[in-house]
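In this text, residue positions in the sequence shown follow our numbering: the first is 9, and each later residue adds one.
Treat the hints as calculated values from the structure; they're not laboratory data. Some hints could be false.
Unchecked claim - Here are the simulated lysine-lysine pairs, DSS-like style, with alpha carbons at most 27 Å apart:
1. Lys23 with Lys77
2. Lys74 with Lys15
3. Lys19 with Lys56
4. Lys23 with Lys86
5. Lys56 with Lys28
6. Lys19 with Lys77
7. Lys58 with Lys15
8. Lys56 with Lys23
9. Lys74 with Lys86
10. Lys58 with Lys19
11. Lys86 with Lys58
12. Lys19 with Lys74
13. Lys74 with Lys56
14. Lys74 with Lys58
15. Lys15 with Lys77
16. Lys15 with Lys27
17. Lys28 with Lys15
18. Lys77 with Lys27
19. Lys86 with Lys28
20. Lys77 with Lys56
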Amino acid sequence: MQVFRHKNFAKQYRKLNSKKQALVDTAISLFYENPFDERLRNHPLKGKYKGCNSIDAAFDLRIIFKQEKNYFIVILLKIGNHSQLY
């Protein structure tokens, strides 16, 4: 699986404190191993993010991603808490 970080994702990641960055890194590692690991709560989104999915990095820290062409190319789009993203 190839995972790319969109420039907006990278910018938002840099703004996180080190604890939240570690949680995001752990979630992405889990995602590499098994995108449907139940701890990630991988689910499709509706509304303005239709066509994207979300995984949980922590209780109130989400990662929004989009699958391109097949499930082996994933673009990480945004990161933030629920109120920041939705």
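Going through the hints against the structure:
no. : hint             : verdict
1   : Lys23 with Lys77 : violated, 30 Å
2   : Lys74 with Lys15 : holds, 14 Å
3   : Lys19 with Lys56 : holds, 21 Å
4   : Lys23 with Lys86 : holds, 12 Å
5   : Lys56 with Lys28 : holds, 25 Å
6   : Lys19 with Lys77 : holds, 25 Å
7   : Lys58 with Lys15 : holds, 20 Å
8   : Lys56 with Lys23 : holds, 24 Å
9   : Lys74 with Lys86 : holds, 10 Å
10  : Lys58 with Lys19 : holds, 22 Å
11  : Lys86 with Lys58 : holds, 14 Å
12  : Lys19 with Lys74 : holds, 17 Å
13  : Lys74 with Lys56 : holds, 13 Å
14  : Lys74 with Lys58 : holds, 10 Å
15  : Lys15 with Lys77 : holds, 20 Å
16  : Lys15 with Lys27 : holds, 21 Å
17  : Lys28 with Lys15 : holds, 18 Å
18  : Lys77 with Lys27 : violated, 33 Å
19  : Lys86 with Lys28 : holds, 14 Å
20  : Lys77 with Lys56 : holds, 20 Å
Checked against the numbered hints above, the structure violates hints 1 and 18; every other hint is satisfied.
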